[in-house]
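Q: Each chain is listed here by its residues.
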Amino acid sequence: MNTSVDLGGIVMKNPVTTASGTFGFGLEYQTYVDLQRLGAITVKGTTLKPRQGNPPPRIAETPSGMLNAIGLQNPGVERVAEEIMPQLAALGVPVIINIAGDTLEDYAQVARRLDGVTGVAGLEVNISCPNVKKGGIQFGSNPVTASEVTRAVKSVTGLPVIVKLSPNVTDLVAMAEAVAGAGADALSMINTLVGIAIDVDRRRPVLGNITGGLSGPAIRPVAVRAVWQVHRALPLIPILGMGGIMTARDALEFILAGATAVAVGTGNFVNPRATLDVVDGIEQYMKEHGFNEISELVGLAQRDTTRSDE
Amino acid sequence: MNTSVDLGGIVMKNPVTTASGTFGFGLEYQTYVDLQRLGAITVKGTTLKPRQGNPPPRIAETPSGMLNAIGLQNPGVERVAEEIMPQLAALGVPVIINIAGDTLEDYAQVARRLDGVTGVAGLEVNISCPNVKKGGIQFGSNPVTASEVTRAVKSVTGLPVIVKLSPNVTDLVAMAEAVAGAGADALSMINTLVGIAIDVDRRRPVLGNITGGLSGPAIRPVAVRAVWQVHRALPLIPILGMGGIMTARDALEFILAGATAVAVGTGNFVNPRATLDVVDGIEQYMKEHGFNEISELVGLAQRDTTRSDE
Amino acid sequence: MSQLMMAEITGCQETGPGVWVTELLAPSLAQAAVPGQFIHIRCGEDSDPLLRRPISIHAVCRQSGLVKIMFQVVGKGTAWLAGRRDGWLDIMGPLGRGFTMLTAEKTGTAAVPRLVVGGGIGAAPLYFLLQELAGTGYAEHVKVLLGARNAEQLLIHNAVKLLGFSVSVATDDGSAGYQGPVTDLLAEELQCKPGYVYACGPAPMLKTLCGMLHNAGVPGEVSVEERMACGVGACLSCVCRVKDAGGLETFRHACVDGPVFAAGEVVW
Amino acid sequence: MSQLMMAEITGCQETGPGVWVTELLAPSLAQAAVPGQFIHIRCGEDSDPLLRRPISIHAVCRQSGLVKIMFQVVGKGTAWLAGRRDGWLDIMGPLGRGFTMLTAEKTGTAAVPRLVVGGGIGAAPLYFLLQELAGTGYAEHVKVLLGARNAEQLLIHNAVKLLGFSVSVATDDGSAGYQGPVTDLLAEELQCKPGYVYACGPAPMLKTLCGMLHNAGVPGEVSVEERMACGVGACLSCVCRVKDAGGLETFRHACVDGPVFAAGEVVW
Ligand SMILES: Cc1cc2nc3c(=O)[nH]c(=O)nc-3n(C[C@H](O)[C@H](O)[C@H](O)COP(=O)(O)OP(=O)(O)OC[C@H]3O[C@@H](n4cnc5c(N)ncnc54)[C@H](O)[C@@H]3O)c2cc1C
Ligand SMILES: Cc1cc2nc3c(=O)[nH]c(=O)nc-3n(C[C@H](O)[C@H](O)[C@H](O)COP(=O)(O)OP(=O)(O)OC[C@H]3O[C@@H](n4cnc5c(N)ncnc54)[C@H](O)[C@@H]3O)c2cc1C
Ligand SMILES: Cc1cc2nc3c(=O)[nH]c(=O)nc-3n(C[C@H](O)[C@H](O)[C@H](O)COP(=O)(O)O)c2cc1C
Ligand SMILES: Cc1cc2nc3c(=O)[nH]c(=O)nc-3n(C[C@H](O)[C@H](O)[C@H](O)COP(=O)(O)O)c2cc1C
Ligand code: FES
Ligand code: FES
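Line by line, the protein sequences are chains V, S, F and R. Using the numbering used here, you'd call the opening residue of the first sequence number 12 and step up by one each time. Using the numbering used here, you'd call the opening residue of the second sequence number 12 and step up by one each time. Using the numbering used here, you'd call the opening residue of the third sequence number 267 and step up by one each time. Using the numbering used here, you'd call the opening residue of the fourth sequence number 267 and step up by one each time.
If we strip away everything but chain V, and leave its shape as in the complex, we get:
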């Protein structure tokens, strides 16, 4: 059975990685997960300079989901490259670094710094973080700025570039087309939905940052729809699907909708072994249903389907 996939130039031995920001730098989960069994490790959003992040409370639980407003707390690209990557490189698993910035130049500088760092297999460009004012989602809600960021990053790195899209837009396909046109090697979707929770007793928002990003099983139908629509419009660009994946069946929804690979995010918090359960469960499904190549499953649910009103 062949479960290996090529995510825009990142070769993964199975289609399962971690969603940025939910798995730290991987090492935090080493006690629970044999990291070498992962298809890739996607690490926390990294910026040029270290960031403290937002004031607490940073999370709130919501029905089948959670809001987070971490605010891109991270040690900065220099320490990631110097201190963290050597440890991760030793694992021999492809590492995808999620990068963010306030300006085009920030993105370019972070990307340039990571080019050639041992172990880094690709970059995931976060243009969709809802929890920082500048950059983040600003770039991600406009096809023009999104393609500018993509080009800025592509022009300074030889690494495969995945662009991470925001679901908080009217026309996701237009965004996908724009960044694909600007040279993105793959797309990742979805980042969190913007949400607010109010503490009714204190009559204030729960989060220090007021708004946060909604993740977890609650958003899965929105995420599957995003993958479906983009895969339908752009069948050739590989998609890294995520949003509420807890089990292999959840992951298969994304793959059948058109994702080449999947990432487990919030699910890690609930079940630290979720990634490996997904890896095992996908293999089992393929065995039971007689699939030899994972690629046979990609987008399979779209075959012969037309909307009643199309």
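Bear in mind the hints are in silico, worked out from the structure with no lab data behind them. Check before you lean on any hint, since a few could be wrong.
Below, a list of computed lysine-lysine pairs in the DSSO-like style, where the Cα atoms sit at most 27 Å apart [stated by the list, open to error]:
#1 F:K473 to F:K459
#2 R:K509 to V:K60
#3 R:K509 to R:K473
#4 R:K342 to F:K342
#5 V:K298 to V:K24
#6 R:K427 to R:K409
#7 R:K473 to R:K459
#8 F:K509 to S:K60
#9 R:K509 to R:K459
#10 F:K473 to F:K509
#11 S:K298 to R:K342
#12 V:K298 to F:K509
#13 F:K334 to F:K459
#14 R:K459 to R:K427
Chains S, F and R with the ligands: place on chain V using the hints.
A: Frame of chain V; chains S, F and R with the ligands shown alone:
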């Protein structure tokens, strides 16, 4: 204690109504709910001609939510006006009729037909239904078309007009501004998020219509955020808030974020008495916390709050 | 009239592999229910699982006010339900349109020979139907056909015999009764021209059955399953495609117009 | 080392109004745990409630491999937990940095007089701390102050007396011990210059306490509560604002850098 509210000209004795499409024409729930205790009854989306709706399956359960693709099945405005309104009018509760159409002219004709029908207290203009191809969400994703629909309806009716916004847009505030500028008396938000669920065993979408609208507690944080943002930008226009309200505490999140009134939707399916539980719970909260006027609570959580990055 | 109520769980046991019977104390439900109707059950207090689950009424004792449901564990709602051994259940019911009880007035003669056909867990509501038919005194005119995957998964057949009915059984693997689909047994019985057929079971079985009844010109009713949200006709989700006498296709709602429909009107 | 495991529930009882003690058979946890550490518990199998709940380790018996947690029902996670009377619990642990056990090597003399101060449910982890302190043979140098709303809500004080410690009690309504906040008792004790203070309780109490320790120049540690997702330092959600020796403020993570922090470093 005064819990009565004025929703853009619709006077409700308490801030609680039903979300269109989740309470039929009210009569279906008569066995379980004393309809006269509701602030208003908002009924199923009504179109010019009767509609059959979409093929089954029309719903799918998702974590803390559900997808629906009913497709605006309804008996048409003529039967609503002739057969259903007389029964509802007898209750003496304000009735809000949710209207939809394929064209501007459709909307105008439905609105004109309902003008002056006894018992109809207002219209809720659905420009955000994700489950029909034409009309619906098409009008709702563009500020220009949205304001055209608003104007078309306003110009033919003397009834208060609530415009129902879609959360599936990049800039909700721009939409709100557009329809408010076109004369909307109130805004209602949110309609469902577009989602897909895949049946992993059959490798096909669960819904006959493929995509559906996501409702229920899962979307509450997104809905509260929508109300918060629009109330912040347009503090003078009344908002009917909805999305995942199951309890009085949920409803209070919306009111504290800036909603003048609230609607219970999917919650009715889970607890047919949810509307009345919300009515009672809001009163109890006001008693416990010493509020005499419901209006004191509207938007209260926004006072003295600024985002850390503003 | 349907009510929203908290019903006390007075018993819960596994009667077959993954099949449970839960007994509830619900006198008003016991009074009002007719065979083929269902109750709508909230499975848990949090929002996952969110929607109520529709489960048919399996047995009723009007005297004691006890109502039984029989269900198969297939997902999280039914798994939750199987875990309830005592306490209270939040239910709505009775809901829906049940089977038509052919009385002497309706048929001219109540002694019209009837067939009751169940497949798999579809047998659950048929027991209540048979309880009522037993009460009419025409039990000898009723024949019961039950199908299952294997002997172990066969439901209600012993209980139905105790009610005094004659039962024929079919299993896919032949481990009990005839080896093959229960519709093979039906084919034989149809030659004796039964007056009316009641059926409940998986969709493919019902589809075949409806076709056979049509060809044989035998009237009957089938109970169908559709995904439901409200259970009361408000959400319009549980549509079943039917055709009227003129052949015109429309949608009907399984929660209020069904779940029991005339065998001839369902479009498969 | 922390592990993900299914631990068997060997007991569960209500010990105060809305406060429960659950006993788990978890030998590896019992072996590895130190006072002040916590376990991260999955409350249910579905996705609401979604996140694990952090609960401190309340008591440990290394010999039998039994571990107890004591918790107050405040929301859906703890309500679910209180409903588990047997079966298995999906837990991770032990997690976090616990209290510093002052050994002879660390302090020059282990006999430094210590105060242990608990407020409300904050008493839960202190019992494990006192179990360990009892084992050091310096119990006579330890004094325990416990606060609660009223006598009924007072926790662990009898058990702590049985361990051989002297306990003073404060209640808001005076129904047991001193009437007033437990920090009033602390004020008195601080005059005797204790060598070290361990505390756990609601944030306002800890804030007052840290201020008092600062003024009195007494070192100590407090256990804080922050909202947690991962529990292992990966999600960066559980931040606690601390200042370093130079007064520079940064964020630390309650799940790995805490939940126990030096009293002087927490910024309230
Ligand atoms: C009128 C009616 C009567 C029924 N009577 C019985 C009965 O007596 N015994 C019994 O075992 N089952 C019965 N069913 C089927 C039963 O409702 C489903 O098996 C049950 O809802 C599955 O819930 P779950 O959470 O375990 O499964 P999940 O698959 O987790 O359910 C997910 C969603 O799909 C819906 N769903 C899943 N399967 C079905 C189905 N077959 N029909 C309708 N909706 C479904 C659920 O209600 C839920 O909304 C009946 C269904 C209907 C419509
Ligand atoms: C390190 C640590 C140790 C703890 N030890 C204990 C203990 O021994 N006994 C005990 O009774 N409680 C303890 N708590 C508090 C306990 O975690 C919360 O009471 C519990 O999570 C509430 O969950 P719920 O679902 O009942 O409430 P809900 O209000 O429904 O919870 C909603 C969300 O908020 C979080 N949350 C709510 N209250 C708190 C809180 N006080 N601290 C952190 N997160 C919270 C929950 O984890 C959940 O994610 C501890 C907290 C921490 C951080
Ligand atoms: C606590 C937390 C932190 C996150 N941090 C980042 C981040 O730094 N960069 C990024 O692109 N996405 C970040 N995300 C978004 C996730 O990578 C993912 O897109 C989203 O959570 C949806 O997946 P899930 O539902 O499986 O969690 C974060 C999500 C969470 C919950
Ligand atoms: C079954 C169903 C049918 C709906 N039909 C309509 C409709 O006809 N018109 C409309 O404007 N909104 C319709 N909605 C959207 C609801 O009115 C509401 O905006 C949405 O469900 C969010 O609220 P909730 O989470 O409380 O259900 C429908 C929702 C559901 C679940
Ligand atoms: S389930 Fe709502 S109409 Fe039938
Ligand atoms: S809870 Fe995730 S970092 Fe502490």
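Q: Of the numbered hints stated previously, which ones are contradicted by the structure, given in increasing order?
A: 12, 13
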